[in-house]
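Novice: Residue numbers (the numbering used here), protein chains in the order written: chain A, 1004 to 1199; chain B, 5 to 235.
Incorrect hints may appear among the rest.
[To be verified] Derived CB-CB ranges, DEER-like:
1. D42/B with A1076/A: 49 to 55 Å
2. I144/B with G1167/A: 24 to 30 Å
3. F22/B with T1166/A: 33 to 39 Å
[Claimed, not checked] Away from chain A, derived, C-beta distances all over 10 Å, residues of chain B:
4. A12
5. F22
6. L72
Think of the hints as simulated: they come from the structure by calculation, not from any bench.
All residues carry an ideal CB built from backbone N, CA and C; glycine is no exception.
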Amino acid sequence: MAEISPLQKILPDGLAGLGHNVLTARIEDVVNWSRARSLWPATFGLACCAIEMMAAGGAHYDLSRFGMEVFRASPRQADLMIVAGRVSQKMAPVLRQIYDQMMEPKWVISMGVCASSGGMFNNYAIVQGVDQIVPVDVYAPGCPPGPETLLHAIITLHGMIETGEILRRRATGEGAVQIEQRDGQTASGLAIGGRR
Amino acid sequence: MGYLEGFAITWRKFARGFVGDDIVTTEYSAGTRSGRHDEKRPKPERFHGRHVLNRYEDGMEKCIGCELCAGVCPARCIYVRGRDNDPADPTSPGERYGYVYEINYLRCIHCDLCVEACPTEAITESKLFEFSFTSREDAIYTKDELVVGDDGRPKRLPWEDWRVGDDEFTSGWVRATAPQGSAAYENRVAWSGELGYGVRAPEAGQASESATVVPGSHGHGHDHAHDGGHH
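Full structure from sequences and hints, please.
Specialist: And the structure:
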């Protein structure tokens, strides 16, 4: 019986069958390192949290230490969306469109309690958590979070990027909140957010 | 040659950034770097950070499960359930204690109304504000995380970034000696002692010349009349 070479073994699966070896593991490290250190945020300041986000970008806290001082006005040039502020029901489709326009790989930080869960605005006008619309990676608590809290969230995200898989993409509905509708009018267990 | 003067100012400021004169950046990096590259700005004394649930000096919990904090909370982020104390092994002095105590930090706006509502100074706020979560479930702190440890210090959870001084000024001292409060409270101890800190020394107040507070100073004023109904 002829010996099967490792190359023949991985051919049917392509790159996915390659697994981890010395070469791909190093490439993964370099890619993750560079992604974590050139994370360009899209501007999505919606309320008072945006003031703290600007303060984090200013000289006193200096986001450019992490290579992310350029807040891009175009979502096509951004990797990270910092949702800073309360998201109203009218703003939600806009936010989702901005997120969809961003290139993969992309991440979302939900900054402040209003973006994370609605905060003290538990009413009909405010989306109760932006994770119902887009998949959120890191939540920063506080009302508003100080620049240091935002930096902590960003560094937490850096850790996630550096230990993550470079080719991984979100599955449908992954990272989104499962909303249980209890009014009997709509389907229960509806998944909003993620890629559909 | 007016534009050259403008450039000169730019370059002078740029050079001073290296020499050290004009550096305004506090290089906070959440523990990923060290030394000068990981500094945190000192917080004000009355900063509202992450809550702690205090205990008396003998180790008993201060919370009596009255749910006033949950009632006053504008964000509805606190969930409390009280339960009767076991007479043989009480958790708190008095009849009841906080059996369940949860705070959702993705709702809390750190307004400190719970601290003001608390009749026993059980819940106060620390100066810790550097924390973040990767899921909504992680943001709900339970009693295990909120109650101070046996040394009276807040529990340093692995996803939080505690530094020296963040656990000072967490008692009823913060509320009772507020500068905007009644002047009658100046120089008077009107709060109960707590585990690890004892009874804190009163602030001299704005009327006094030496309105300074030594951080972590343990007062010995056990002769006050109002001490939260304990002892």
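Novice: With reference to the structure, classify each hint as holding or not holding.
Specialist: Verification of the supplied hints:
1. D42/B with A1076/A: 49 to 55 Å: Violated, at about 31 Å.
2. I144/B with G1167/A: 24 to 30 Å: holds (25 Å)
3. F22/B with T1166/A: 33 to 39 Å: For F22/B and T1166/A the Cβ distance comes to about 34 Å; the hint holds.
4. A12: holds (20 Å)
5. F22: Per Cβ check, F22/B is outside 10 Å of chain A; nearest 15 Å; holds.
6. L72: holds (18 Å)
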